[in-house]
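Engineer: Now for the letters of each chain:
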Amino acid sequence: MASGSETSPERLKGVGHYAALLYGTARRYLGSPRLLWDDLWARGVRRRIALRGYLDGFSRTDGCRIFHTLFQWATLSQATVVFVALFGALSLVDFLDPFGLSRAVQGYSEGLFQKVSANFYGQAAQSRIAVVLVDERTLRSRGESWPPRYLFYSELVRRIARQQPAAIFLDVLVEDRRAYDETLGPAQDELQRALAQSGVPFFIGTLDERSRSVFAQVPGVRSTLVGWSGHERDYPLLVGPGHYFDDGAAIEPVEGGSCDSDAQPTAAFSLYRQLCADGRQAGCPAALAAGDTAAFCKAMVVQWGRKVSDEVVQRQLIDAAQCSAGDASTWASLLEGARAFLATLSLGVDEEADGRLRQPCPYALTLRAEDLGTAKASGLLKDRVVMIGVDLKGIHDRVESPVHGQIPGVYLHAMALDNLLEWNAQYYQRSGNHCLQRTLAALVILLCVAILRARLPRESFLMRSVAIGALLIACLISYLWLRRPPVDWLGLLLVYELVKRLIEKHEAHGGQGGEGYET
Amino acid sequence: MKPEKTLRGLALLAALLGAGLAQAAGQSVTALMDDSVDVYDARADYFVRSGSLARRDIALPAPVLEASPRGYVRVALPGREVWLDSMDVTLYPAKDSGSSGCTATSKGSQGYVSRGAGEGCR
Numbered sequence: 001m002a003s004g005s006e007t008s009p010e011r012l013k014g015v016g017h018y019a020a021l022l023y024g025t026a027r028r029y030l031g032s033p034r035l036l037w038d039d040l041w042a043r044g045v046r047r048r049i050a051l052r053g054y055l056d057g058f059s060r061t062d063g064c065r066i067f068h069t070l071f072q073w074a075t076l077s078q079a080t081v082v083f084v085a086l087f088g089a090l091s092l093v094d095f096l097d098p099f100g101l102s103r104a105v106q107g108y109s110e111g112l113f114q115k116v117s118a119n120f121y122g123q124a125a126q127s128r129i130a131v132v133l134v135d136e137r138t139l140r141s142r143g144e145s146w147p148p149r150y151l152f153y154s155e156l157v158r159r160i161a162r163q164q165p166a167a168i169f170l171d172v173l174v175e176d177r178r179a180y181d182e183t184l185g186p187a188q189d190e191l192q193r194a195l196a197q198s199g200v201p202f203f204i205g206t207l208d209e210r211s212r213s214v215f216a217q218v219p220g221v222r223s224t225l226v227g228w229s230g231h232e233r234d235y236p237l238l239v240g241p242g243h244y245f246d247d248g249a250a251i252e253p254v255e256g257g258s259c260d261s262d263a264q265p266t267a268a269f270s271l272y273r274q275l276c277a278d279g280r281q282a283g284c285p286a287a288l289a290a291g292d293t294a295a296f297c298k299a300m301v302v303q304w305g306r307k308v309s310d311e312v313v314q315r316q317l318i319d320a321a322q323c324s325a326g327d328a329s330t331w332a333s334l335l336e337g338a339r340a341f342l343a344t345l346s347l348g349v350d351e352e353a354d355g356r357l358r359q360p361c362p363y364a365l366t367l368r369a370e371d372l373g374t375a376k377a378s379g380l381l382k383d384r385v386v387m388i389g390v391d392l393k394g395i396h397d398r399v400e401s402p403v404h405g406q407i408p409g410v411y412l413h414a415m416a417l418d419n420l421l422e423w424n425a426q427y428y429q430r431s432g433n434h435c436l437q438r439t440l441a442a443l444v445i446l447l448c449v450a451i452l453r454a455r456l457p458r459e460s461f462l463m464r465s466v467a468i469g470a471l472l473i474a475c476l477i478s479y480l481w482l483r484r485p486p487v488d489w490l491g492l493l494l495v496y497e498l499v500k501r502l503i504e505k506h507e508a509h510g511g512q513g514g515e516g517y518e519t
Numbered sequence: 520m521k522p523e524k525t526l527r528g529l530a531l532l533a534a535l536l537g538a539g540l541a542q543a544a545g546q547s548v549t550a551l552m553d554d555s556v557d558v559y560d561a562r563a564d565y566f567v568r569s570g571s572l573a574r575r576d577i578a579l580p581a582p583v584l585e586a587s588p589r590g591y592v593r594v595a596l597p598g599r600e601v602w603l604d605s606m607d608v609t610l611y612p613a614k615d616s617g618s619s620g621c622t623a624t625s626k627g628s629q630g631y632v633s634r635g636a637g638e639g640c641r
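Protein chains in written order, with my numbering: chain G, 1 to 519; chain X, 520 to 641.
It is possible that part of the hints are untrue.
[Claimed, not checked] Below, a sample of chain X positions facing chain G; criterion: calculated Cβ distance under 10 Å:
#, residue
1, 562
2, 589
3, 590
4, 604
5, 606
6, 607
7, 610
What the hints contain is simulated information worked out from the structure, not anything from laboratory work.
On a predicted model such as this, the values are computed, not experimentally measured, just so you know.
The beta-carbon is built from N, C-alpha and C at its ideal position, and this holds for glycine as well.
Given only the sequences and the hints, what does the whole structure look like? Please build it.
Structural biologist: Here is the structure:
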């Protein structure tokens, strides 16, 4: 070891080296300050010449040479090696998912993409859904506490039903029979009466097929699933045995969904099916009327919208200081999209960027329960699907929206229903095959190998441009045309950089050995 | 503290407290939404439906004697007083609109959170 350090120079410098360098520089400039200016000037000139040389390199880039190299056997052969090595490594990473990194990066890629794409989410179905929120203020204004009396729910449903909505959904599990609350009987009677009089379809949340809600047996009440397991961030439309909320221990995450005959509909799908049956929704699959739910087997990758409902602005339902109601024009969407893109780029250096990007107002039109009788709310719920949800501290019913941050769980059901009304059976699904991803990767590798073999002056820049351009195209095709979540662009970019560095390192070693890249 | 200031403060407080009562007292039921209207009995902290009244049995406008924060109004009919659901009738002047606001979202961590009903322990 000692003899090695004596014969070869150290690859890493120590403190002594830098201290001597600093001392020498200080002595030089303190002795003759004019030298500082001369050195800076000389350095500037060298930089300018280097930049000019770099830019000149582009003019010397011969596209025909790339094209010529592209169709050579050696290019195809070398690209095949890189492709196999890359996908071998990627498949291994996907399979092993060390530290859960692959899944985390995929989720993060999707989240960042949605922050931008949410600005372009349409508002066609926004006027057909409303959320009635029960929060601390609602309870305080009525002198109630949580849980409220059973009559609170039937009273709320009765008052909403008076506005003739298309359907009502209660996203609360009312399952406990409380001995101290004597209003259960009157509440059941009142609910039955309100539903019979109004004829409004009413759904109540449950966690499995057994429907343990205290209102489940009331005529006119239908149960629907509001919880499940094994679908990670996706929203299943049908949940079968093994994926019920309490079946968690036996579940592996599933891609797609289950469609066995025992599958129960979740809230958004129940409401969608009701709207189809009532003739309130155009474009419903004809088979759905016959009970065929095959088109809805796969879980939904919920797309969140950012724009606030026009009705909210017109009726001044929100405090202008709280929410950016925004302009719904295409230009405004483009500007907001660009702003979101720049903000996501700077997330690493600007921790507040995420907060500024967050939309503080939910996408679905929201009304607090205590405001139902006010002039502002008059006629607002007519022909809408009304979802009743809670926003209470200590009630753990919140979901993560890439656009809003943490938001009451009822908004996930509202957004999933909005997606169904917008796209029917063509909602966003997670695709099982990665054909597009692989084809595009193969093309990128082929192009990059051709660029490397053509030995062009600015090959690093060209290769990076090809990779980023291909990823952008893949994301857009996937998102706009195939209705799939974007490819894992962040993970692919990281893998690309890694592979590129490995190739460059290999090439450098080859060059030193005198064999070059082409061997 | 000067006595005039204390008196002025008390007067302001009295005015604020009286405003709520004055609103209910100043309101009237001017119309019914349907041909008949349900009437309710006030219990300890809730209301239960006790029957219904036909439109002809209610002389309109009927002054509101009391407004409950639970959304019911008490009106006087010949010989008795009844509670009506404020959404079954038209009130004049209308109830003040609350600020619905939309503060439902919050900046949260990226940690796993519940879906609809909350993920339980495994």
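Engineer: If you test the structure against every hint from before, which numbers come out violated?
Structural biologist: none
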